[in-house]
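Given the coordinates of chain D, work out where chain H should sit on it, guided by the hints.
As they're listed, the protein sequences go chains D and H.
Quick note on the working numbering: the first sequence kicks off at 4 and runs consecutively.
Quick note on the working numbering: the second sequence kicks off at 14 and runs consecutively.
To be clear, the hints were calculated from the coordinates, so they are not data collected in a lab.
This one's a predicted model, so the numbers in the text were calculated from it and none came from an experiment.
Hints are supplied without guarantee of correctness; some may be wrong.
Derived contacts from chain H toward chain D, CB cut-off under 10 angstroms, selection only [what the hints assert, rightly or not]:
(1) Ile30
(2) Tyr191
(3) Ile265
Here chain H is said to cover these stretches of chain D; the calculated rule only asks that three of the stretch's residues, wherever they fall, bring their Cβ under 8 angstroms from a Cβ of chain H [stated by the list, open to error]:
(4) 269-280
(5) 424-435
(6) 468-474
From the three backbone atoms N, C-alpha and C, an ideal C-beta is built for every residue, glycine too.
Residues per chain are reported as follows:
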Amino acid sequence: MIFNSLEFLLFFPIIFIIYYSIPFKARNLFLLVSSYYFYSCWDVSYVGLMLISTVITYFSGILIGGTLNVNKKKIYLVISLVANIGILFYFKYYNFLSYSFQYIFSWIDIELAIPNHDFILPVGISFYTFQALSYSIDMYNNKIPPENNFIRYALFVSFFPQLVAGPIEKSKDLLPQFKKKIAFSYDMFKSGMLLILWGLFKKLVIADRLAIFVDDVYDNPSEGNGLILIVATLFYSIQIYCDFSGYTDIAIGVARALGFKLSKNFDTPYFSKNIPEFWRRWHITLGAWFKEYVYFPLGGNRGSRLNMYKNLFIVFAVSGLWHGASWNFVLWGIWHGMYVVLYLGTKKWRDRLVVFLRIDRNSYGHKITQIAVTYFLVCIGWVFFRAKTFVDTKIIFEKIIDTTIWPLFSGELFKHGLNDYEVFNTILMILIMIGLEHINRTKSVVSIINKQAIIYRWSVYFAVIITILLFGVYGDYDASRFIYFQF
Amino acid sequence: MMLAGLYIFNFRQMKKIFFIKAIIFSVLLLGVLLILNTAIKGEIDSYHSKLIYTEKDDVDLLFLGSSRAYHSFDPYLIDDKLKLNSYVIGTPAQAMGETYYVLKEFIKNNTTPKYVVLEAFSLRTIISKDVTLHRVLDGMHPFSLTKIEAIKFYADSIVPKRNKLKLYMRYLFPFYIYHNKLLQKKIKKEPDVYWNSLLSHKGHTPSKQQKLKNKNIVFDYSIAQEEEKTYLYKKTWGFLKRFIQLCNDNNIQLIVVATPYINSKVEEKFSNPRDLSKTLNSLEYYFKKNNVKVLDLNKNYKELSIKKEDFLDFVHVNWQGAEKVSRIFSEWVIDNYDIKK
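Just chain D, same shape as in the assembly (with noise of 0.2 angstroms):
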């Protein structure tokens, strides 16, 4: 079941409905039922690979909590994380290692006879385990006590508005609210609404619409001039973001109109003025992630300075195989490793240059160039990211570089899907979008529409919902799903 199908349209007014008449002690049995019936819609028989992975989390969880001998300890730690990077390896990287070893050895004229699986990726199998390995991590750490309540537990993994493509929570943060008695909060449901009404907006009116472009172009890139795949690309930055944080705004959105608060995962990453700041402002519950359980174990910024570009390589290069089996996420982990090493190796390099060419650096103009060349720089990553293979990825480069710009004036943009209404209509949209979220970064819009008076506020609801109607892109049986769920 995805957000933006019908089906969650019908869904979440039931569960809300039926999780406000309940008495409080039934509500965490309700919630878990409900968040297994909202991931069976995918498919029934992987319903049971997140049982078996909180089964043995939770038990993991009450052996750790349940001995001081840490030797011990340590076999209960490996148990969990073997049982959840195992599922996690063989239902996601399984294949791909396989055809890697296989692709491999043919360098070298020996064919490797290794089975492959044809089944399909489990949904969201990468955030609820991870959600899993925090848990136990965070046990072994002493930092939270074990979980006894076991529907709490199943609950903290599978909590439907998180499932499948995150806020990744921590443990220490989503389980005590599940202890607590939430009454129904008017306030928190207006703005619960509200945020599902602009991811929604997100998503349907400037994502999917863009989608139309990015897949014409990107799906046979040979066939494109170099400028348009820079309009692709530069469309698709937006796309991934709108769809993305589209989807964390509905989470959060359903979460709080149920009275649970959720972490925020993006805070206009693309404003940021330097790739290390990008990364703290986008998926930020992902980079939260593996900085405390990857970087810090591998001793973070300790050590020499040679030590520390090695940890964030390693980190950057695993958060890319994170988001996908294939070597062009690696390959896109590795660019924004480069990325933050280079800046951190040449820091004292540029602020010797800022001090000669006298540039001040609160200055309008510093900052936006600082944003430019960020946001040029994550372009180019999205490039290996989106592309659908390392063929693909060298011939947009090349076509890239060998641009030219007549295309804009002889309509071949209004050639890939998307016509000149269509293209004029969703750039304003992400005008708004823009100056909304920009606003939002230093007063709460939520905050703002609810405290007007009710026919304003009543105004901007239904602006919204006509926008989205008008203006979206749905109607087909199959909704669009969000493309981080793949992951």
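For chain H alone, coordinates are given in the frame of chain D:
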């Protein structure tokens, strides 16, 4: 008891005012959806079924069926010959099921016609493709019972079942699928011109084009004598029975007419009067039993003196062809029925 207490307690938390606001909001939202439904027009092909609701004199003779119905019968010529009031409500590729629902809705909203002509192509059309059903149902009132009955039938027969909800949404609120036209500028023909033309021709669409100008066509008269029989789709058969029952219940005299089209080996997939004749042959007994007379114009090419110039394409006649068909049909009716207005 305890549980009941908790229920009330929790609902009280949510405050009455919330429920009142929620209800008002939902009603307003429904209003918005209905306005969008009216504002965003669907395919102009669905305008034909809108004719069900237009103000008109009592209809004596109603033509139903596919595009071949509204291309072939010119109500003004027929009215002149038969001295009655006729009307055409056909929709592109209308299948038997859709024809049944059109007649049902027509009877609900108009005086019952004395005669109904079923253009026989509906007997050969597969029930029911999404697109053809839309052309019929989009023109009907948003929540007419006939429309809901048709959607339910279609929803019950579709696979996969999980699409049922979407199917109801698409048919009850057609803007759900047509809203994209706003930005895509896909409404190319002028809707008002088309609608006014339909109204002024009583549902008939006279076509001037001759798309067969440069095609070498050889008329094969021999095939029209085919006496073989063929099968009928199960659902078509079911709807034909219901259709005849509806006619009988309302004292309507049903007439079945197969309008002419070109037998061409080149376009056999679309143009094969042999199959249609076979279908009519296989229904001969059933039609006789139910007092339904059949006029197969594909057996009368020579009498019709129909030529290549009378066709718009392989399966539709143009305005010249329509004149011939209407004349022959009128004469045949005078010969076979005691027409009294």
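Tested hints:
1. Taking 10 angstroms as the C-beta cut-off, the interface hint given for isoleucine 30 of chain H holds, the closest approach to chain D being about 8 angstroms.
2. Using the Cβ-Cβ criterion of 10 angstroms, the hint placing tyrosine 191 of chain H at the interface with chain D is satisfied: the shortest such distance is roughly 8 angstroms.
3. With a cut of 10 angstroms, the hint placing isoleucine 265 of chain H at the interface with chain D is violated, because the nearest CB-to-CB distance is about 37 angstroms.
4. For the segment 269-280 of chain D, the assignment as covered by chain H is violated, since 0 residues bring a beta-carbon within under 8 angstroms of that chain's beta-carbons and 3 are needed.
5. Counting residues of the segment 424-435 of chain D whose CB lies closer than 8 angstroms to any CB of chain H gives 3, so the stated coverage by that chain holds, three being the minimum.
6. Counting residues of the segment 468-474 of chain D whose beta carbon lies closer than 8 angstroms to any beta carbon of chain H gives 5, which meets the minimum of three for the stated coverage.
In summary, the structure is inconsistent with hints 3 and 4 from the numbered list given earlier, while agreeing with the others.
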